[in-house]
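Visitor: Residue strings, one per chain:
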Amino acid sequence: MSLNRRLLNERGGEGHRGPSLPACDVPVRPLAELLPGVPLRASLDLPQVSEPEVVRHFIELSSLNHHIDKGLYPLGSCTMKHNPKINDELAALPGFALSHPLAGDEANQGSLRVLLELQRTLAEITGFAAVTTQPVAGAHGEMTGLMLIRAWHRSRGEGEQRTRVIVPDSAHGTNPASVHLMGWETVTVPSGPDGCVDLERLKAALDTRTAAIMFTVPNTLGLFERAIREVTAAAHTVGAQCYMDGANLNALVGLVRPGDLGFDVMHINVHKTFSTPHGGGGPGGGPVAVAAHLEPFLPAPVVEERDGRLRLVHDRPHSIGRVHSFNGNFGILVRALAYIATLGPEGLRQVSRSAILNANWLKARLARAYELPYPGHCMHEFVLSGRGLKAHGVKTLDVAKRLLDFGVHAPTVYFPLIVDEALMIEPTETETLDHLVHFAECMERIVAEAAEDPERLRTAPHDTTVGRLDEGRAARELQLTWRKPATRPTDQVSPAGRS
Amino acid sequence: MAYVGLSREEEQRMLRDIGVARFEDLVESVPADARLQRLLKTLGPASEIELRRMLGGWAASNVADRVPSFMGGGLYDHYVPAAVNAIAGRSEFATAYTPYQPEVAQGTLTVIFEFQSMIAELTGADVANASMYDGATSLAEAALLARSQTGRARVVIAGALHPHDLAVLRTYLDGKGVTVVADKGGQCAAEDLQSALGPDVACVIYQHPNFFGLLESPRTIHRIAHAAGALAVAVCDPIALALLDPPGAAAGDDPGADLVVGEAQPLGNTPSFGGPLLGYFACKAALVRRMPGRLAARAVDAQGRPGFVLTLQTREQHIRREKATSNICTNQGLLATRATIYLALLGRRGLAEVAELCVRKTHRCAELAAAIPGYRRAHEGAFFREFVLECPVDAAAVCAKGRGMGVLPGVDLGQFRPEWRRHLLVAATEQRSADDIARWADVLRAAGGAR
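If you read the sequences in order, they're chains A and B. Start counting the first sequence at 1; every next residue gets the next number (the working numbering). Start counting the second sequence at 1001; every next residue gets the next number (the working numbering).
Bound conformation, chain B alone (with noise of 0.2 Å):
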């Protein structure tokens, strides 16, 4: 039988080790009129090969392979270096448990250390933990501890925030206390967002570069929030962060932002049809005794040889209970493993390339759709590896040429909201070649002439 260690003589031996007659006897305390009398109605059993032939169909179903693909609304189609799959598809790392026995763990917990590490320096903040479930769970959780941090109850949404995260903020916090201040061309305004916080405002978040790939402005966000008395709460892709002023770091008179949170999918992993995912999680020193989930820190054992392990515990599940300050217990350890890899293989020079690639790339994709009769861009404000294109026809009718022309041309924002219908959000990484651009040209061209 398929991965199990005995055979029915093994079985038999046992049996009487153990001293009953069969193995029955071992499960009387199962009522018996509440076992299953019949055999499981399910697929298999597979070979290998088998398997091969019905998933292996399943996956060429999609149209993702060899597909150019301009995707982005928060998972994108970055280079992911040999490296990363050969380390981290080690059994070391990929069947390990979480590191309870550090003496056994000491893997785990240094790249976890290193991991909190280089987010920290990426976003500015003092600390970061060992990963959360995704970046809108990451984006929730801020929100719940901003909220336990102030006492105070609501949150204030500034600008241009990822629907799916807004979606989720809202199912964590039972959909009460959520105030959304609307874009105006696609930036938060300063005065709107002024006009909507209150002395009820626990934190203030906005996601820069935001849903439409669109630059905000942190510092003046994180000022009128701070004068408001709330955190202010950044949403970054971590790409981005690679040029970007670090909304965490203090700059002149702004401390900077209280948590820089988001989804760093982006370092070494694919977007794998929405996961796993991994969420970041940074924020100032002052709220590290309420941050979700793990963190690892520099020890000594009785020798003094130094390691890593697993601390502040207390504020966890599994000795706080009831107390603790969030019910994550498995994270996305591996994906955080994959994050580190990367950053290390493309470090300060590689990952600042990745992201000016990103820029030009992007950027050339606009000019040509500028070019392109029936479509602009939505917004004016300057963009990082993402914007949105009006299109002449409905994003959806781009989308399903693209790909009859084989290419992914961007993400329909129709699907969010009706009078989206004709916006394409567009997103160009490092990946694609001015070949690759050249035919998303094509497919644009395409479908507005097929009005």
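Just chain A, same shape as in the assembly (with noise of 0.2 Å):
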């Protein structure tokens, strides 16, 4: 391994180190006194190291990474979008990084009025009647929304015979094991020859088992689901209630309102419809809007406004109870309503449009390189399938490797999971049509080289630190830390092992 790639316990050592502390300027007394009878650690095999060279270590780490402000970010569902700067800022103000929870309500009035205001904000642009922020993540949003729903079922005493959620076919996962999470069953329903869900089948598979419909507006294949209203208003009619996986909601800021569509409840991935850095997997933000009836569910605390006077309020009989340590991921909910207060109305509308615009301008083009299984127009994204280069011996792992070569990230692959071969392409409002033009060509050059040199793909890509990885190996060797040479999962656990 190179000088540059050590890790850091292998870099310094004894006598080096960081910055350095504040000498004690309160009386020192032995800590066996301060901790009588308390059992202290023998050891702590930490690193040590100087602060120039931790820097140089995480500096070399980062231009390993590929980011959206390096290049074309275009992993479908995934919304990888341009951060924009001032938003970090606002949320390092330090009257909001030290802003601490438990001071009270009195000493929080800014934090709460971002909340409030955010919580607004977002009730209108999804067209619902209220939304809580307390949730971190989609996954999270889900389980709070899927909460929601049997707590709503319950309150009609029907909690213990729906048990079943719907999800077509083109679902994310986390909607199934979202679902899994709840003790409920998940029932897969087909989409049809047009991308979207099959409504017989759909109608067929509702009754007064289905606690909830849990659908993608648009779905993964970038199509908006024209019978919405239709499949909302059947799943009514059996009593179920309508989930919105928002990972989407990029397509529909200021065109379309879920609320509107017959939807119950909603998340709201903010990291991807309103900007908030993805830091390399989170942290992000999952809201969860609801229609009136489930407001009273919502978990505790919310925040009310009262003379001027903004409050959390804990006395909440109906809520499903707390899902967060705290109020949800405070700084990343800065984030977003600056960037909705950048955008205002105008710019917010001009999100889906161009969004749209961008996918629609690239599908059309790499229709004529790739086969496009579901023509006509999409929204935010549109899926390829890479299934033509098989016959040179090329899959779509090699195209998004390959790909990787080029300075852009690959599509999400073979994701959702009815289309073969499958190649996930959301590019984004904030790309200029030169970086779509760059990709195009980097996606038509990549089809050339299946004929003329299939080699070089298979074993794509060429150009990064390190190629293909091996995972299968990784996984059967397994070594999760640098402490020891190998772990392995076959170790006795105690005691009351069942596996």
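No lab work stands behind these hints, which were simulated from the structure alone. A hint or two may mislead.
Unchecked claim - In silico lysine-lysine, DSSO-like type, Cα no more than 27 Å apart, as pairs:
(1) A:K70 x A:K85
(2) A:K203 x B:K1323
(3) B:K1176 x B:K1323
(4) A:K85 x B:K1041
Please assemble the complex out of the two chains, which come individually in their own frames, going by the hints.
Guide: Pasting the structure below:
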């Protein structure tokens, strides 16, 4: 391993250390006197590295990452758009960053104002009556939304009977996983040849055991379900609730409000639609918006305004309870509000408009080189199939890896599951035409390479610091920390191991 | 238009390329009567100058900045070294996605591996994951894991657990099967715990230091839990673990806690009104296939070059869907990055020094308070960087007095339970100077005298 690729524990050593701390300015008494009888640890094997070494280590690592500030990141359903820099500065203002949630409402009027304004704004954008900002990720929002639905059914004496959730076969994996977390059963209904759900099959699956339907709008093929209002009406007819997965809200902002489509509850990924940075895998934000009948069940506490003063109201007898330690990912919510305020009403409408335009332009261009299983106009994203390349022994994975050589990130691949060799592409509204052209040229070049030099694709990427890593071997020789040579999952658990 | 990459002329050109006359033709699948026929009613548009004015004003209206804080209760005012912000603020870390293409995400994956390694070291556990939403949801996931591992339903809380952790746990478990063994004098009593256990108990959960800042007896709790066939789940503050016997490690005849979870905000992250936070999740190697969330592992490429990948993804929702161990997808990656940088900067000596300073400053507070008429510690046990002070007046009055005098004197426990209304939870970090502590004592005197 090169000097630059050493891990922290392989750098520095005894005598190296980072920033110093102030000398103790209160009387120094032995720890044994302050912590009588408390067993202390014998050693702490953390790195010993100076600040310059730490900085070089992480800067070297940072150079190994692709990121949206560097180039296109067309991951379908992930909405990798520009992250405005002003928003990071605002969230880091000491008045926000040091605000402590247990200091009381009087000490936190500014933070509460942010929550209330954002909740009102998200309610307006989605067309719902109320919003909780406690959930911190999309999947967390899904769980919260399903709990609200369960509480609603229980309030009507139908909690025991309604344990099924209907999802289309194009759904995100989090949907069935969230259903399972509730102890409920997922019923999958197929999509029709047009990529939209088969309405008759859906109706046949609906009955009084149905707790909810979960739909992503537009769906993961990037298609707006034309019959969505018939879908929600059919669900309501049997007493089910309608959940909207808001992962693709970017296509709808200012154009359609989910609350107007008959949905009862949805989550909003603020780290997608509202531009907050992904951070290499979080933090995100997953606020949940609900129609009025679900409002009493929202997680406690909720923010209320009375006589110009804001307060957190904990006394909520019908609430599903708390889903987060405090008030959700506040620092992320500050960014989302700043983004919305920057755009304003006209700018928000332009978000969906440009996102849809970019996706359709790219789709029209790439349809010449790749198979397009669902023709017609798309919303903010579209799905290609790479199966035409199989003739050359080239898979979608190879396309994805080759793109990395060209300095653009791969699209989402092998999802949705209903498309063979799927490539799911979402350019977002913040990309310029130049970048779309560059991406299209890369994709077209790959098709040409598949015919001329398929091996070049099968062994891609070539220009990254590492090539394809052996994931199977990594899982077999599992090494999850630097502490021990190997961690064997077969080690005995103590003592009630059932597995 | 802010943040949109197209001009009107480019839009027209693109529409022509697509072969449609107008934008509306692209969205003809959206029924016309379902479309919003007006503009949204929101704030803005706002320039950066106006945004700073509005949000800056709200930030300034919080009592948070330039006020010495003795607040704790799960979130602490530890110093964040400048290099943490400088590194973690870089686009390469902040604007990257989840590392699904490892060849262009080795930075993020290496950081996750280092985070896992250092959390495992701190907790004494074999393995740790890439992060959870916060301490409370990490604990809830630990309880779910214990239930599926043991096939047992009930979860027992040994003593003083943070009320919000308990609340989130109840939400996740649908309010069922949670038994709380009340503390005795602030700590868990072994005989009380013993008598609460039975063959239906999946795990025993304890917080160490506990919600009141008091230290528990982990080894005793582990032994009692294991004897009943239950797993032991420790909820620990990572700064305290710099000094304390790590509960996940074996010692004598105790194999250690099976799961160690908690809130890692104190490692290089700010309280930020309670989020984003950083849940950590560590456990015995034997439980790794039941773990929620992401895991990074060492790997090599075809040329033998070392790197890291996400591993055991068959546990996760995007592969296993309804059979996944958890529904978690997005976690708290950037906060884990900050924690990793923080631990690297402080290192083994620096972190222990922070912990020792916290102990000394907090004990200094307790010492000064004991000398003020009307104030006394509510419990007798050993404490780390937090303790409960019983006040001669409502703690809310002490807090109000503090706001007036420019000090946040602690957490009013009356907000959790009416019978705790005179209890103030006081924490002092390494950031509190002797002068801050003297001002804090002045607040107590002023509040006590105002009776």
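Visitor: Is the Cα-Cα distance between K70 of chain A and K85 of chain A 27 Å or less?
Guide: holds (14 Å)
Visitor: Can you confirm whether the C-alpha distance between K85 of chain A and K1041 of chain B stays at or below 27 Å?
Guide: holds (24 Å)
Visitor: Would you check the hint for K203 of chain A and K1323 of chain B, treating anything up to 27 Å between C-alpha atoms as holding?
Guide: Holds. K203 of chain A to K1323 of chain B sits at ~26 Å (cutoff 27 Å).
Visitor: What's the verdict on K1176 of chain B and K1323 of chain B, does the C-alpha distance respect the 27 Å limit or exceed it?
Guide: The given pair, whose Cα atoms are some 22 Å apart, holds under the 27 Å limit.
In this structure, every one of the numbered hints holds.
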